[in-house]
Every structure is written in C-alpha cells, then in structure tokens.
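**Student:** Residue numbers (our numbering), protein chains in the order written: chain D, 8 to 293; chain Z, 8 to 293.
Some hints here could point you the wrong way.
[As the list claims (entries may be wrong)] Just some of the chain D residues that point at chain Z, by a computed CB distance under 8 Å:
{"hint": "1", "residue": "Thr112"}
{"hint": "2", "residue": "Val114"}
{"hint": "3", "residue": "Glu115"}
{"hint": "4", "residue": "Val116"}
{"hint": "5", "residue": "Glu118"}
{"hint": "6", "residue": "Leu119"}
{"hint": "7", "residue": "Asn144"}
{"hint": "8", "residue": "Ile145"}
{"hint": "9", "residue": "Arg165"}
{"hint": "10", "residue": "Gln166"}
{"hint": "11", "residue": "Met167"}
{"hint": "12", "residue": "Asp170"}
{"hint": "13", "residue": "Leu171"}
{"hint": "14", "residue": "Leu173"}
{"hint": "15", "residue": "Arg176"}
{"hint": "16", "residue": "Val179"}
In case anyone wonders, no lab produced these hints; they're calculated from the structure.
For glycine and all other residues, C-beta sits at the position ideal for the given N, C-alpha and C.
What follows is each chain in one-letter form.
Number of protein chains: 2
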Amino acid sequence: MIVAYTIERVRLAVAEARSRGLSIGLVPTMGALHAGHVSLIRSARRECGFVVVSIFVNPTQFGAGEDLERYPRPLTKDLQICEEHHVDLAFAPEAGIMYPPGYRTWVEVHELQDLLCGASRPGHFRGVATVVLKLFNIVQPDLAYFGQKDAQQARIIRQMVQDLNLQLRLQVCPIVREPDGLALSSRNQYLDSAQRDHARALHVALEEVRKLAEKGERDARVLRQLLASRIAATPGAVLDYAAVVDMETLKPVARVKGEVLVAMAVEFGTTRLIDNIRLSIATEES
Amino acid sequence: MIVAYTIERVRLAVAEARSRGLSIGLVPTMGALHAGHVSLIRSARRECGFVVVSIFVNPTQFGAGEDLERYPRPLTKDLQICEEHHVDLAFAPEAGIMYPPGYRTWVEVHELQDLLCGASRPGHFRGVATVVLKLFNIVQPDLAYFGQKDAQQARIIRQMVQDLNLQLRLQVCPIVREPDGLALSSRNQYLDSAQRDHARALHVALEEVRKLAEKGERDARVLRQLLASRIAATPGAVLDYAAVVDMETLKPVARVKGEVLVAMAVEFGTTRLIDNIRLSIATEES
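Start from the sequences and build out the full structure, keeping to the hints where you can.
**Tutor:** See the structure below:
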C-alpha cells in the first residue's frame, strides 16, 4: 500500500493506475476508521481496480466550539486497517497541504446545506462540499463511496456532482450498526458507559417509527413526535432535531409518501450523534 | 467543426480527441466574438491538439438591471468565426442545459470576488467562477484561455484552479485594442458614436499613468487621481473605480512596487467599460 502525504504523490500513483487501465475508487474519510468505513472500503475493493482512502480531519467542516481538537486521529491504526483491506493508496495530508496560506475558494450547495444538521452547524456543509470537491479533483475517481449515516452529506454531494458536472458515480452504502443498533460513528468513543447504553435510543425510536409507518401511519407530525418523546424519555439525551423530510429536497413533509428520510440528531453531553432511516411508501392510501 | 448543444456531445467529442492523444484547449466566451477572442483561439490552436470554444451568455454573472437581455448573441456569425479559425468544437448550450431546474451549487472565491468590479457587481464573480468550473468539468481541458482585459476574472479563476486542485493550466493573453487604443469588448457596440469617440479616454489615461510610473512616480494616489481627473474631463463618462492594486491580492497599494495592476471601470450611459495595465517595478528607488 502506498501512503501519500502530498497531492503530487497521489496524482502520480493514480496516473500510473490509470495507465494500467484500472478504474479508481475513492473512500473519503476523517480517519478513526470503524466497520462502517470498512464496509465502504470493501465495496470499493469489489468494484474498482485501484482503491484510494483519504484520511483527513477536515478543519473547515468544524464550527467554533466543536470537537476539531479532540477528534480522534489514530493514523497508525487507520493505515493498518487500510492495509488489511487491500487499499492501494492511503492519502493522509496535513491541513496545510489541503488549505495552504491564502486559501479562499468555497463551494456552497444552497438550501440543502442549511437544513437539518446544517441548521445547528452553520458552515459545516460548505466545508464538507469544498473538501470533497478538492479530493475528487486530486484523485479523479470513477466511483466515490459515502455512508448513508450521513444522509444529508450524501444528498449534498450528489447535488454538487450533478450541478458541477463532475464525471464520477456516487455509491451510498448502508449504515453499519453495533449489535444493539447504535449506528457506528467515530464519535461514539466520546460516550461514557451510561451514555453509550442510552445512545441506542436513537435506533430504537427510528425502528418504532418504521413500524408505525408500516402499519399505515402517514402523518409526519405523529412520527416526529414519537421520536421526540422517546428521546425526551432517555436519560442524558437532548434532542437537536427530529425530522421527516423529502429525500430530494430535505424539506419537512406533512404526509409520508414516496421517498422519505426520517433523521435525527441527539446530544449526550458534548457528543452529538445522528441517525436516520429511509421510508419508501409507493402510494398514499386514504 | 462540431457544434455541440449538449454536455454529452462535448464529452463524446473530447473523449474521442483524447483517445487520439490530442491535448485539449478551452476558450470560454460569451460569444459576440471579436479580435480579442480570436487571439485566444489562435493561441489555443497553436498550443493544443483539439480546440473547444464555448459560447454561453451566462445568466448567473449578470446582476438585476444589467444587460443580460440586450447582450448580443450573433450565434451564426460566432460559429463562422470559430470555423474560420479552425476550432474543433463549439459548445453553445441553452441556459437550461447549464442550469437545470433545482440548480443550487455555487463557487465563491472570497475577498477577491468582492473587490474592484465585484464591489459594483455583487454576485458577478460567483457566477463567473461557477460557470467556468462547470465548463472545466465538462470539457476537462489541459489548457484554458482567458483575456487580460478581464484581469480580475483571470486572477479569480487562477485562485480557484489552485484552491480546488484543478489539473489544468491557464493562459492569460494580452488585451487586443482598436487602432485608437480602446480595448475590444462585446459591449463596445452599445456605444453611440460620440461615446465611442470618448471611450478612448480609458486607454489614454492608463498610458499616461504608465509613463508617469516609468518616470519614477511611485505614489499610487497620484496615479489614481490622474485617472480620475482624466475621466472627469471626458464628456459622458462616469468613473466607477480607478484602482492601483497588488496583482495577487487585488488590494490597493500605497506605493507602486513589484507587480501592480492599474484598473478602471467607466460608465458611458448604461454601458460599462473596463480596462487595465500591468506595471512591473523591480525595486523601489528612493
């Protein structure tokens, strides 16, 4: 496995892979790799001739007072995981490589960036869109892999790819969960053992919503209120948002119909967790 | 010459050219081609195996009350000029191809976009950066050609290329002028004959500044005031700005030193003209 710390090294390796006729897959990560990331790497390995994993804790997607400083950076372990899963190239740049002095270009995906997590984290998705576009331009992948856990991120990146006429395909892979249902996240390690125990409430509540919708509940407010009441009843949990939104616009729907995203963000102390499910309701009965 | 109206047609032709080992040159234009554009096309023809000219009056770089509606669109003549100059592909998309319904992704080059023309035309350079990035992604050129007349645009595109890690080289070509010195512009045709006559004042004033600087004048305020007084003395001319700025930051300098841009914008009725010169002063004498 090649470990690249510079853009030039990445370009050289990718050009060499291309010259061998290999397709290029990119898995952009912030490191602290877990089984969720590994599932992305596995998909990339299955579908691409040359697999690139980027490991970069992107400072521009963290707001003031967020966890940029304490975000885990176990680089040696991350590289081991990449190697074990037959990654061809790991790209682990310093911040100054990605954002040299005088950096000043930003990508904004209007409306979508301001909803859901964007409402609580102003500037977050601007940082995400910008760094992902940079990584796309550096690696020039044929396929890029994202997790469904970050559903809004995946939606925004898809919009950016379409609007900016990027020539690559996105693959959005299912959420990987702990045995008790907690969605894997690098931030789970911030939780103390009581918080960790209560954190399963997100998944439990979302599955209750799924069952209620399967039983025919179409009133989005009822589903949202179910989420809110379950989180309210969870010790140490503070609801940031619970939303039932259209998959395309990410705007709240009144009735559950078509492709709908049920998403929530919950804080346990200073740790912010997100989770979601998708509902696919072919037609509205009445 | 291929005339493409869709992105798919461009991609097909460019891929075919690439497969023949040709380098790709892009000349982005808004049409109404004049000798300034032709000089860009000639440079591209000299340096690239496959020359693409885009002809697109980009609505997103026009502000409310600007000249989007009346901007000239002599497409047949433009295509003839392209053909005459051995362009391989002319790309003339409708606005709906470039900005389909639901479009919402924008590129911003902070600070640089707000200075000089950006101060009078809010949103202009956001539109420029966005459409140019889209054209880059559609055509994927090795080289792209811009005119020095739009000095701020060239500076902003250069910043965007660098910041977003685009793999192409920019060529910025000298200003082409009428015999009396007026910089060529598609907007010159808006001028009535008296305005056209007085419009040479921009060039005359800039050349006076050049001579004064060559004689040793280093006080930027003196140079700026010379420009302002010459425009003030020109019938029908209203100064928008006259600026002596650092070539890199586009911010005003107090003393002329290093690479300096002397730029101005002047309105004749509803027609806005711009012009500039570069000064290169190796060391400051004193």
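**Student:** Does each hint hold? Answer for all of them.
**Tutor:** Comparing the hints with the structure gives:
no., hint, result
1, Thr112, "4 Å, holds"
2, Val114, "6 Å, holds"
3, Glu115, "5 Å, holds"
4, Val116, "5 Å, holds"
5, Glu118, "6 Å, holds"
6, Leu119, "7 Å, holds"
7, Asn144, "4 Å, holds"
8, Ile145, "5 Å, holds"
9, Arg165, "11 Å, violated"
10, Gln166, "6 Å, holds"
11, Met167, "5 Å, holds"
12, Asp170, "4 Å, holds"
13, Leu171, "6 Å, holds"
14, Leu173, "6 Å, holds"
15, Arg176, "14 Å, violated"
16, Val179, "18 Å, violated"
Comparing the model with each numbered hint stated earlier shows that hints 9, 15, 16 do not hold.
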